[in-house]
Each structure stands twice: as structure tokens, then as C-alpha cells.
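Chemist: Sequence:
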Amino acid sequence: MSFIKKIAMKSFSQFISFLVLSLGAPLLMAQKEKAAFFGDLHLHTGLSFDSASSGINTTPDEAYRYAIGEAVQYMGRAVQRNRPLDFLAITDHSEYLGVAPLAKDPDGPFADTPWPETFSEIGDSILNFMRIFSSSGFRGSEPAIPEFTTEPLIADNWSKQMAVAQRYNQPGSFTSFIAYEWSPMPGGAHLHRNVIFRGPNYPARPFSSLDSQNPEDLWAYVEGLREDDVQSVLIPHNSNMSQGLMFVSTDSYGDPI
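Everything in the sequence shown is counted per numbering that gives the first Met the number 0, starting at 0 for the first residue and increasing by one.
Among the hints, a few may not be true.
Said to hold, decoys possible - Derived pair list, reagent style DMTMM-like, types lysine to aspartate or glutamate, alpha-carbon separation capped at 25 Å:
#1 33 to 104
#2 33 to 111
#3 103 to 85
#4 33 to 61
#5 159 to 104
#6 103 to 69
#7 103 to 146
#8 33 to 85
#9 159 to 250
#10 159 to 32
#11 103 to 116
#12 159 to 146
#13 33 to 141
#14 103 to 39
#15 103 to 141
#16 159 to 254
#17 33 to 123
#18 159 to 69
#19 159 to 120
#20 33 to 106
#21 33 to 60
#22 159 to 210
It is worth saying that the hints were derived from the structure and are not from the lab.
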């Protein structure tokens, strides 16, 4: 059996155990019955640059408040769920995670750079906004933007994302999964995977398509994390938009799977 097939089988069995242990075990033991849980394993906030390009300013804090049933402001109006969710994974793109709102802020960490003025001139142009990030952040056709990919910035933005999730986690009532979306789009093909961590151990930084656009490197990364007891599952996203690449019988290097 090939390495990739072993990983796929192992990941599937761990995925089932992951959901049962993380979501259902306490209630199942208490009720001795099967229980259904409802939530969302893929949500973006304004920390993702594609959301920010559309004028979305929703923060992770607001997203969790909405998930647990509180009223929040969204696009200029109040919204509230009819019923709270049992779990939520905010899967903002790991590529330039949290950078867009910082770069736009004239009083933020990039205040002494041309970036705030650049975004001010862009205004409401989604296309021009996306051009700044997409070619490197999604397609990998351009080099990464150096000032947006420093290790301290990546680690700090990820740390803030984790802190918000942990603040809203309420064992037995609401589960906030720490997660992100690995988002390569070579040639426009979506090879995205949502990376969702079981906890309580987490990586110091997310892995992004700026690190590698090859799924094999993502798989190797999470396997390495497991050696440090950092457990995760990878869920393909938009595989119907992968131009068939998520269903091929060879890997990124042309070798049989």
C-alpha cells in the first residue's frame, strides 16, 4: 500500500474518532444514546483577504458570537441565528492570514509604508484588491510579498486567531475548533483543504500555499505535527473546482498514488 493511501485511510479513521471524541463523547456517555450535533466546519472572516476585498469586516469574535446565538452586525444590519450551533471552525485562508485589515489601517503596523494609501486608492474595486494578494497567495505565480510574510507577523496573527477560538470554547456546550484553510490554486484549480485541529496542542504557525502548493507537502507537515501530538484532519474544499486534480491517480510529481 502506498504512503499516500496509508495516510488517506489513517486520516479517515482519525476523522471519525476526532468528531466523536471532540463533539459527542461527553453527551454520549451521559445519555447513553446517539446524539446529532450541528455546526459549520468552514467559515471565513475579514481576516481572509478575499473576504476583505468584498468589504467584509467581520471579526472572529463576531463570528463566534453569531454561532452561539448572539446578535451581531453584518454588512450594516443586525443578524442572529434562530438556534445556536454546537461547533464552529473558522477556516480563514492561511495565506496572508490577518494581513489585509492591518495593511489597510492608516494607524496600524504598516502606517509608515505605502500600503494604507494603496488600499485607499483601490477603494471598492474587488479585482484590484485581489490582484495584490491572489497571484502569490492563491495561484503561486508571483513571489510572496516580503513584508506580509515575516515569521513574527505570521505567528502573531495565528496566535490571535487561536486565542479568540479558545476564549469561546465551552466544553459540553460549544466547541470552537482552531483551524485554517490551505488554499493553492495552480492554474485556477482549487486544491484547497481545511485543516482542523483537535487540540489541546497546536502548531506555532499555519502551513500555507506560500510554503508549498503541493498537497504532499501539506500531508508531510501534518504527519510531522502528529509526532508532537498535534492532531488534525484535512477536509478537501471545492474539489468540484479542482479541474479534476483532486481525483487524479498520480501525485504532484507524476508518480502513481
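Chemist: Hints first: check each against the structure and report whether it holds.
Modeler: Structure-based check of all given hints:
As the CA atoms of residue 33 and residue 104 are separated by approximately 48 Å, the hinted pair breaks the 25 Å bound. Of the supplied pair hints, the one linking residue 33 and residue 111 is violated, its CA atoms being roughly 57 Å apart against a limit of 25 Å. At most 25 Å may separate the alpha-carbon atoms for a hinted pair to count; residue 103 and residue 85 exceed this at roughly 34 Å. Among the hinted pairs, residue 33 with residue 61 is inconsistent with the structure: their alpha-carbon atoms are about 31 Å apart, more than 25 Å.
Among the hinted pairs, residue 159 with residue 104 is consistent with the structure: their alpha-carbon atoms are about 17 Å apart, no more than 25 Å. Our distance criterion of 25 Å between C-alpha atoms is broken by residue 103 and residue 69, whose separation comes to about 28 Å. In summary, the hint linking residue 103 to residue 146 is supported, as the alpha carbons are separated by about 14 Å, within the 25 Å threshold. Annotation: proposed proximity of residue 33 to residue 85 holds, straight-line Cα distance about 15 Å (limit 25 Å).
Between the alpha carbons of residue 159 and residue 250 the distance comes to roughly 35 Å, so the proposed pair goes past 25 Å and is violated. Restraint check for residue 159 and residue 32: the C-alpha separation of about 37 Å exceeds 25 Å, so the hint is violated. Distance check on the hinted pair: residue 103 and residue 116 sit about 8 Å apart at the alpha-carbon level, within 25 Å; holds. The hinted pair formed by residue 159 and residue 146 meets the criterion: a straight-line CA distance of about 19 Å does not exceed 25 Å.
As the CA atoms of residue 33 and residue 141 are separated by approximately 50 Å, the hinted pair breaks the 25 Å bound. A threshold of 25 Å between alpha carbons decides the hint, and for residue 103 with residue 39 the separation of about 29 Å lies outside it, so the pair is violated. Between residue 103 and residue 141, the direct Cα distance comes to roughly 21 Å. Compliance with the 25 Å bound is thereby established for this hinted pair. Among the hinted pairs, residue 159 with residue 254 is inconsistent with the structure: their alpha-carbon atoms are about 39 Å apart, more than 25 Å.
A distance of roughly 49 Å separates the Cα atoms of residue 33 and residue 123; the hinted pair therefore is violated under the 25 Å criterion. Restraint check for residue 159 and residue 69: the C-alpha separation of about 21 Å stays at or below 25 Å, so the hint holds. For the suggested pair residue 159 and residue 120, the alpha carbons sit about 29 Å apart, so the restraint of at most 25 Å is broken. Between the alpha carbons of residue 33 and residue 106 the distance comes to roughly 52 Å, so the proposed pair goes past 25 Å and is violated.
Proximity of residue 33 to residue 60 is assessed by CA-CA distance (about 31 Å); at most 25 Å being required, the pair is judged violated. The hinted pair formed by residue 159 and residue 210 meets the criterion: a straight-line CA distance of about 21 Å does not exceed 25 Å.
In summary, the numbered hints that this structure violates are 1, 2, 3, 4, 6, 9, 10, 13, 14, 16, 17, 19, 20 and 21.
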